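Student: Listed below are the residues making up each chain.
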Amino acid sequence: MEPDFRRSMQWLHTWTGVVLGSILFAVFWMGTLSVFDREIDLWMKPETRLPLTSHPLSFDSVRASLNDAIASKANFWNAVMPDDRQPYIETHYRAGKKMVSQVINPDTGQILPQTGTLGATGFFFPFHYTLELQFMHLGEWLVGLASVAMLVLCMTGVIIHRKIFAEFFTFRPQKRPGRLLLDLHNLTGVLGLPFHIILTFSGLLILGSTFFPAGIEAVYKNPRDYFYDANGLSFFPVKPGKPGVPVVSLDMAAAQASALWGKADPHMVLVVNPGQTTGRIAFFHSTEKQVTSDRDVIAFDATTGQLVSHAPLPGPALKTQRFLSGLHLIQFHHWGLRWLYFISGSGSCVLIATGFLFWMEVRQKKQSASPGFRLVKGITLGSVAGIIISTLAFFIINRILPADAQYYGLTRSALEVRGFYLVWLITFLQGWLWPKRAWMLQVSAISVLALCAVLLNWFTTRDHLLHTLSHRYLWPVAGMDSMLLFTSFMAFFAARRLSRRVRNEIHSKPLVAV
Amino acid sequence: MKHPGIVIAGRTTLALFGGYFAASSVFVFSDRFLISLGLPRAEAVSFGMMCVFITYLFFILWVFAVRNLWLPFFVFFVLINTAHRLSLHHGHGG
Numbered sequence: 001m002e003p004d005f006r007r008s009m010q011w012l013h014t015w016t017g018v019v020l021g022s023i024l025f026a027v028f029w030m031g032t033l034s035v036f037d038r039e040i041d042l043w044m045k046p047e048t049r050l051p052l053t054s055h056p057l058s059f060d061s062v063r064a065s066l067n068d069a070i071a072s073k074a075n076f077w078n079a080v081m082p083d084d085r086q087p088y089i090e091t092h093y094r095a096g097k098k099m100v101s102q103v104i105n106p107d108t109g110q111i112l113p114q115t116g117t118l119g120a121t122g123f124f125f126p127f128h129y130t131l132e133l134q135f136m137h138l139g140e141w142l143v144g145l146a147s148v149a150m151l152v153l154c155m156t157g158v159i160i161h162r163k164i165f166a167e168f169f170t171f172r173p174q175k176r177p178g179r180l181l182l183d184l185h186n187l188t189g190v191l192g193l194p195f196h197i198i199l200t201f202s203g204l205l206i207l208g209s210t211f212f213p214a215g216i217e218a219v220y221k222n223p224r225d226y227f228y229d230a231n232g233l234s235f236f237p238v239k240p241g242k243p244g245v246p247v248v249s250l251d252m253a254a255a256q257a258s259a260l261w262g263k264a265d266p267h268m269v270l271v272v273n274p275g276q277t278t279g280r281i282a283f284f285h286s287t288e289k290q291v292t293s294d295r296d297v298i299a300f301d302a303t304t305g306q307l308v309s310h311a312p313l314p315g316p317a318l319k320t321q322r323f324l325s326g327l328h329l330i331q332f333h334h335w336g337l338r339w340l341y342f343i344s345g346s347g348s349c350v351l352i353a354t355g356f357l358f359w360m361e362v363r364q365k366k367q368s369a370s371p372g373f374r375l376v377k378g379i380t381l382g383s384v385a386g387i388i389i390s391t392l393a394f395f396i397i398n399r400i401l402p403a404d405a406q407y408y409g410l411t412r413s414a415l416e417v418r419g420f421y422l423v424w425l426i427t428f429l430q431g432w433l434w435p436k437r438a439w440m441l442q443v444s445a446i447s448v449l450a451l452c453a454v455l456l457n458w459f460t461t462r463d464h465l466l467h468t469l470s471h472r473y474l475w476p477v478a479g480m481d482s483m484l485l486f487t488s489f490m491a492f493f494a495a496r497r498l499s500r501r502v503r504n505e506i507h508s509k510p511l512v513a514v
Numbered sequence: 001m002k003h004p005g006i007v008i009a010g011r012t013t014l015a016l017f018g019g020y021f022a023a024s025s026v027f028v029f030s031d032r033f034l035i036s037l038g039l040p041r042a043e044a045v046s047f048g049m050m051c052v053f054i055t056y057l058f059f060i061l062w063v064f065a066v067r068n069l070w071l072p073f074f075v076f077f078v079l080i081n082t083a084h085r086l087s088l089h090h091g092h093g094g
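Same order as they appear, the protein sequences are chains E and B. Residue 97 in my numbering sits at position 97 of the first sequence, and the numbers go up by one each step. Residue 53 in my numbering sits at position 53 of the second sequence, and the numbers go up by one each step.
Hints in this document: simulated from the structure, not taken from any laboratory.
Computed footprint of chain B on chain E, listed as stretches where at least three residues anywhere in the stretch have a Cβ under 8 Å from a Cβ of chain B:
hint, region
1, 149-155
2, 198-210
3, 218-227
4, 315-322
Remember, predicted model here, so these are calculated numbers, not experimental data. Idealized CB from N, CA, C, for every residue including glycine.
Okay, chain E solo, but in the shape it has when bound (with noise of 0.2 Å):
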């Protein structure tokens, strides 16, 4: 091991980054375009695009659905009312194996077709924390793994970083490349040191009983029976029961959640065991208000109308837990907050892209020829602009597709997934097997792809930039749209320096992986 202290925690610091740095990119990244996948899941399906409802919410209005699940025997059936985010009423069952979901407008009760994607909400979201590795819950625990990295990479960089007060606002854009990618990252990394680690702290947290069950199951039977007793779910694990039992009024049992609240009205209803003898309404109220994650749940028995639990006063650890879970999944409602957890996000994107092309900054002259250093040059190309351009090639491939898409018994939601991780390869191998001047054509194809997904929408729903900023209820779309604008924007300077740098490579230093 190294000598000293400082030195082992620099060596630590690098090669975790190295090691885990991808994961971690595609994590913050996928995390970053969460804050606002509400806003992104509008923007690809253009028929939710609805005005917001003034009508006073009913849950008897989706009774239709309700019937529909009690039809079909489903185990549960729930339905998420609307809010500024969100104009339309969702509803969710399982009937057999497969999820059936349907999005209703809330002022004609009419069921609105379905674009067919998962948006943002069903795929980068779960992407953010699973990596869509399935398969023995190996994505989860790679994230895990990434993000304990994160925290060592935290502290250790802290460590390592010597005059971390004097260089809390250095920022040197003209100097040589190896020295803005350090004084970038440094940037990043001190300004948003808070962000980084509460953030990662936070999300180790939520999957905390992923992570380690042995300390659950030393006292509980089974991770479950924690998470129900944690999030006063105690009436959830039911039997099924005799079928054929009317459900009662959802509105009535709902204004008694409301007279046992006090102020909060129910966002979302959850009916176990729907049209059972032992059914089971839930009301879970809206965390709009409220950084803490604690929707309070009130149950009654879905025959009787009687109540059945009402989730008990969480404990000081309890109420922590909570406060950190709402801190990382900004339920609550406020533009400037969410807002400021994107830029942080994206700073977080900055920190590790930066962090990875100064690794390799400094050792471009030595080891140039090394596979090993060639294939960590083709993972960073691939884990950053290639993420990037996946993200868009997935938007573009949702604009594109008709909307009863189905190739190779792919539906159109699967169809987009596929797209998004082919072109997510392509970038990985043009690193691998073209590297010259790689970085600039994927930067360019950056500029482009964005571009062209504003076009996209633009003809394909008339939703174009001007209309959508005169409406309210468009803003959503609006941001989206100038996001790709200001995206496209950077990308083509960052490739037009970049060409620039190939173009002057004889004269001035070389640059990280043209």
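Since chain E is already given, all that's left is putting chain B on it; use the hints.
Tutor: For chain B alone, kept in the frame of chain E given last:
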């Protein structure tokens, strides 16, 4: 044991796996201790959950910071062994 590759692999294994099981063991001890003090189960587990990641992080940094690996190895061994005996004795919760 002098080849740098083997040393690094050993250190990483000890940090990742030894540290993981040792932190897990600390989690089990803290559960039992807090419950014996009269804390509700959900409270004890939630508190332990918040501490276990910090413990794991500390163990990893420790393994990579020291020159000699015997002390962390010994501590991890004792922690894991004790937790294992404890679970044999008390069995799983239910």
